[in-house]
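Those protein sequence lines, which keep their order, are chains R and G. When the first sequence is numbered by the working numbering, its final residue is 397 and no position is left out of the sequence of numbers. When the second sequence is numbered by the working numbering, its final residue is 296 and no position is left out of the sequence of numbers.
What the hints contain is simulated information worked out from the structure, not anything from laboratory work. Bear in mind that the values here come from a model prediction, so they are computed numbers and not experimental data. Do not rely on the hints blindly, as some may be mistaken.
As the list claims (entries may be wrong) - Derived CB-CB ranges, DEER-like: (1) G:L68 x R:Q97: 24 to 34 Å; (2) R:A385 x G:L102: 20 to 30 Å; (3) G:L102 x R:P94: 42 to 52 Å; (4) R:D103 x G:E60: 39 to 49 Å; (5) G:G120 x R:A140: 25 to 35 Å; (6) R:P94 x G:E60: 32 to 42 Å; (7) G:L102 x R:A331: 17 to 27 Å; (8) G:V138 x R:A140: 43 to 53 Å; (9) G:A117 x R:M204: 28 to 38 Å.
Each residue gets a CB set at the ideal place from its N, CA and C atoms; glycine is no exception.
Read off the chains here:
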Amino acid sequence: MSNARITRRRLLSAMGVAGALAAMAGCRSHGDQAGGKRIKVGLVVPQSGVYATVGTDMQHGWELWLERHGGRLGKFEVTTVIADEGETPQTGVPAVQKLVQNDQVDVIVGIAASPVALGAQSIVAEAKKLLIVGNAGAGALTGGKNPYVWRTSFTNAQIAAAMGKHLAGHPDAGPVYVIAPDYKAGEEVIRGFKATFEAGGGKMAGEAKPAFAKTQDYQPFLTGIQASGARATFCFFAGAEAVAFVKQYAQFGLATQIPLYGTGFLTEASVMTAQGDAAIGIQTDLHYSTELDTPANKEFVAAWRAKFNAAPSVYSVQTWDAANVLGRALATATALDGDSLAKAMGAIGTIDDSPRGPWSFENQSPKQKFYLRKVEKRDTGYVNAVLADLGEFSPLP
Amino acid sequence: MPAWLDTHGISLLNGLAIGSLLFILAVGLSLIFGMMDVLNLAHGVLFLTGAYVAWWIAGEAPSWPGFLGALAIAGAIGALAGTGLALVIERLARRSHLDQALLTLGLALIAGDALSAVFGNDVHTINPPAGLDGSVLVFGKAYPVYRLALIGLGAGLAAVVHLVVERTPLGALVRATVADRHMVLSAGVDDRKVKLVVFAVGSLLATTAGVLGAPVYGARPGLDGTVLILALVVVVIGGLGSVRGALVGALVIGEIESLGRALLSNLASFVLFGALAVVLVVRPRGLFGAATGARS
């Protein structure tokens, strides 16, 4: 009797296991039938901390591309695994490590902050995985040392060089005062600016490096700018610092006396909304503006507004383009390992359908056009109106 | 001298404005420490709460009713939060001061994340209320009117706090508790009520400083940690538990942040903590620390 019961129980459990196996097998065969090739992409974006709004735009850029292309990159069906980059390498690097080791992704996309991207370099090199950086601008990130690290963003010095050339050739520009935070990106910007500005015959009025992330009040520096006899100010600030600097530049009366120029992040996305009227008239340069009058950009902006009910940003475009170039590389790549994909990335040529305009890879970083933009207030809000095309610039380290 | 004033007068003035704001922020932290020997590490998040309340209630371009309403609501939130903090710390009264400080740190981290969850990660700015949102010419340069108002407000509050602490029975009790808690207890005074009041008022001043500071510093994630460090430097330089120390410490830090950075622009990153190091070496108890007497 007891034997029979055990047998029955065993039988039932055996049936359960068999049923589960059958269900799993069913899934698998169903997936295979659906269309073969799959790729697993790890998307690393800040979901918390000070860069969270940048991370949201990056993630949306990736998702919008996939949505408009049937969830596919070329012939590959895409599975995206998202990890939170956080604020620092202490959170960002483990996020990359987890995607590579635990989730076994084929490609890593994203990364907003340069220190995180620099920390992730060795991980992707060891695992031989392709990394497409969606924002970080550190010069040392690309340039031949690591064949697996590519980016669809910019280099810090590249943006500054474009503005340096423009201001040097400006007919009524006098001496220019340069101010940027005292960390690596700030140094790269000052170096990039000076290189083209001084080569073009521009004269410096002075230079200041406020402590990064520790300066709330820029009054001492603003007074220094006034005392220097500068005819224009060029600055590099982003996020909360950009808001504080621009607001105080207006409050202390400099905005009406000494025109403010900067790299595009000074007035990008939500930062510009927070600055309000203090931002009006500021001129910046960047490789994108929502106001670019091209069919590709108009289509992109309309799609973005329809889905997210907001304006896109340069961060949106960079990850949108990351999906675009990955799709193009997959079309010719022989396998999904880093070496095959890196080789395919190198053969892409000009990307002609980007919202930012045509660009191509040089030393694994975009060689692209920069636009002179001016903040204007419209009925719909503040925009970076495009004043001029500053021409194409190579990615300077 | 006039030439020097032309160049640096604005920095000198701005030091007073920042110092006034820092005083309103730090005096509560100093008194709470003097009373309870607890470094309230939630003080920074109280400031940030005030700043967010200002943005939420009054908006980006506040009217006077909006701004005053924000001050009232932030003050009420501060007093409530302070009372709550005092009660939970009281439960750890038999534990070490480190445990009590850690409790406030933990609560500060939770509150900071909660603020991010509620108000998002965007940077918010608040204009000064109408009439104070312009600039006037001082020493031939434009200076924001609101910061001038801050100087007046800081001076007024310093006078009020000074009078309360020096001239009222409650103030006498506070001073006595700061000087020698055990003697006050053995004299038959129940110091728990005094602690509650000091904690509530100290926290109220922190959220008030948050509203008043919003037009200068804005409201953003991470601001809580920044202002907490500034407040800690102020009370360490001024001497813990002393109103006069908090005032002098705040003005010193205000001037260091403004005039010091203007004069030594190449060393701007180091002047704040350099000054702290000098004070710690020369007078480890802070400028007015000795006057507060023995502490257990």
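Consistency of the hints with the structure:
A C-beta distance of roughly 52 Å is found between G:L68 and R:Q97, which places it outside the suggested range of 24 to 34 Å. Distance hint check for R:A385 and G:L102: the Cβ-Cβ separation is about 52 Å, which falls outside the suggested range of 20 to 30 Å. Our hint of 42 to 52 Å for G:L102 and R:P94 is violated, since their Cβ atoms are close to 25 Å apart. For R:D103 and G:E60, the Cβ-Cβ distance of about 42 Å falls inside the hinted range of 39 to 49 Å, so the restraint holds.
Between G:G120 and R:A140 the beta carbons are some 33 Å apart, a value that agrees with the proposed interval 25 to 35 Å. The hint said 32 to 42 Å for the Cβ distance between R:P94 and G:E60, and at roughly 38 Å that hint holds. For G:L102 and R:A331, the Cβ-Cβ distance of about 56 Å falls outside the hinted range of 17 to 27 Å, so the restraint is violated. As the Cβ distance of G:V138 to R:A140 is approximately 45 Å, the hint placing it in 43 to 53 Å holds.
In this structure, G:A117 and R:M204 break the distance hint of 28 to 38 Å, their C-beta atoms being roughly 45 Å apart.
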